[in-house]
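Protein chains in written order, with my numbering: chain A, 1 to 370; chain B, 1 to 176.
By construction, these hints were calculated from the structure, which means they are not laboratory data. Some clues are possibly wrong.
Which bits of chain A does chain B cover? Going by a derived footprint, with three or more residues having C-beta under 8 Å, they are [said to hold, decoys possible]: (1) 40 to 54; (2) 126 to 132; (3) 182 to 195.
From chain A, some residues computed to sit far from chain B (all C-beta separations above 12 Å) [as the list claims (entries may be wrong)]: (4) Y12; (5) S15; (6) A65; (7) A158; (8) R165; (9) D237; (10) Q261; (11) G278; (12) Q289; (13) E325; (14) D328; (15) R335; (16) S340.
So the derived label-pair ranges between C-beta atoms look like this [as the list claims (entries may be wrong)]: (17) A:Y161 with B:K31: 49 to 57 Å; (18) B:R21 with A:K68: 40 to 48 Å; (19) B:N24 with A:K68: 35 to 43 Å; (20) B:T38 with A:S146: 51 to 59 Å; (21) B:Q64 with A:N109: 30 to 38 Å.
Glycine included, every Cβ here is placed at the ideal spot set by N, Cα and C.
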Amino acid sequence: MRSGLWQRPEYYARSGLSREECIRLEAEAVRDRVGLIDVSTLGKLEVRGADAAEFLERVYTGRYANLKVGMSRYALMLDESGVIIDDGVIARLGVEHFYFTTTTANAANIYRELSRLNTMWQLDCGIVNLTGARSSLNLAGSAARSVLAKLTDLDLSAFPYLGVREAIVAEIPAILMRVGFVGEWGYEIHVAAESTPALWDALMEAGQTEGIRPFGVEAQRLLRLEKGHLIIGQDTDGLTTPREAGLGWAVKMDKPFFIGQRSLQIVDRKPLKQKLVGFSISRTETPPQECNLVIDNDEIAGRATSIAFSPTLNRHIGLAYVTPEIADRNSFSIRRSNGSMVAATITPIPFYDPENLRQKEASVREEVKV
Amino acid sequence: MTPIRLSPIFDRLQSVKGNWREINGMPCLAKTEHDYPTLRMADLSCLTRCGFKGAGAAEWLRDQGLSVPDRPNSWKSLPEGGLIVRLGLSELLIEDSLKSDVSARLICQSVPAKVYPVLRQDLAIALCGEAIDELMRQTCNVNFGALLLAESPVILTSMIGVFRHGDPRRNLSHLV
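Make the full structure from the sequences, and use the hints.
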């Protein structure tokens, strides 16, 4: 399937199995054992220099000056009007050295915009676009650590959630980020692009006994939806602000400045017009499609942004923008493409592992609530 | 076991009959079975290269004993072959020859302020032969015939939609 400028595997076909069955098996492999996905299409940038932290503080809504070396943090980028335009993860590799990701579709635009800002601000830092030079694979699942341990001398027991490490994996120099986009214990492993086939093959071989399975974009979209993680551009549009998308936690309004801050100060004084909520629909119902409208009293009152059948939860789940009044109710109606209506029950997000127990050591992990 | 280094066009070259050997840890098509007298193409991705950006990059490279091109979009030869290419006021690319090891030496060094190392993972192709002008006319909108070899020009353009740097020499174009 096309993904921006890239071709990505939608799913890995298996003879005798339907598309849906293949996606379900891939998702189950990640939930139950371990899976591997190529996420090289993410934008990958570096900023270095004495003002690198200051630069990121101005560009992103979060706080990065206090980010410890060896740790990473979610990053949200707005435009001047306070609308969400991108997100990613920022890792601090050194006091003056940050490595960070952008969404697949936005990599070139974000690099161009950051270069423009750097020229304008004249800060003491330099930006390098490594999108084509680095590749990344996401090894995810409860067995991810045991698979990775076979290929590296890195002490994985001292590698916390959101940690970042530089190490050798399968004889390849790598940057490892312990992130959890799909909601499982996982490692994003970033290497020089020329070494990606060797890393992929080494991980697949090392994971044979754990039942490793490659997974594609569709399984990843399902898994991240179960975890309630947004896809910028799908679960947001050209007007979405952080508060509407439930990302207010990622915005540090008490910072001296970031792009979009002034607009948010104005927007925050006004009542919300829409709010992103999670919803569930019985498995026996025909689900609506993404972009189908939320209808209330014969009026358009929102739209569904993501929908998938969750094998883990045994029901259809989704995200939708609705009016604040609807968000306070238990349910709402979505109009399918054929004009029929279906009832959706508002459900707290994340749907899966709301207490983030999957990111904790097995010894302290309890049964995951779903 | 899969080699640690693979060219971006490794799969494409499998259909070309010829002799392969490992160069800098990368399997390379060293010689083709057939001769192509008017236009020849070689995958040079195996060569080691590195980049440096920042206001202090050119000066630091001079401090390392390299002769740095004065003008953006020009190149010079490295002492043992290979190239040092100035892509902009503050961005340089170094590509070793088969004999030199400048990249490996530079990558190991700690750099001062205002110098930022750049990981280079380029597909590099050399084109040569009398049909090269015709090929470039069909695939790129730059008139290479108007460039002066004495000025060691470097062109940053797109070729069939892919960004590239090129340093055209007589009947030889080197695309990175």
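Hint check:
1. 40 to 54: holds (count 4)
2. 126 to 132: holds (count 4)
3. 182 to 195: holds (count 4)
4. Y12: Check passes; 18 Å lies beyond 12 Å.
5. S15: holds, 23 Å
6. A65: A65 (chain A) clear of chain B: closest Cβ-Cβ about 18 Å, beyond 12 Å.
7. A158: holds, 26 Å
8. R165: holds, 18 Å
9. D237: About 29 Å separates D237 (chain A) from the closest Cβ of chain B, which puts it past 12 Å; holds.
10. Q261: At about 28 Å from chain B, Q261 (chain A) clears the 12 Å cut-off, so the statement holds.
11. G278: Given that every Cβ of chain B is farther than 12 Å from that of G278 (chain A), nearest at about 40 Å, it holds.
12. Q289: At roughly 33 Å from the nearest Cβ of chain B, Q289 (chain A) sits farther out than 12 Å, so the non-interface label holds.
13. E325: holds, 49 Å
14. D328: At roughly 50 Å from the nearest Cβ of chain B, D328 (chain A) sits farther out than 12 Å, so the non-interface label holds.
15. R335: holds, 41 Å
16. S340: holds, 44 Å
17. A:Y161 with B:K31: 49 to 57 Å: holds, 52 Å
18. B:R21 with A:K68: 40 to 48 Å: holds, 46 Å
19. B:N24 with A:K68: 35 to 43 Å: About 37 Å separates the Cβ atoms of N24 (chain B) and K68 (chain A), which means 35 to 43 Å holds.
20. B:T38 with A:S146: 51 to 59 Å: For T38 (chain B) and S146 (chain A) the Cβ distance comes to about 56 Å; the hint holds.
21. B:Q64 with A:N109: 30 to 38 Å: 35 Å Cβ-Cβ, so the 30 to 38 Å window holds.
No hint from the list above goes unmet by this structure.
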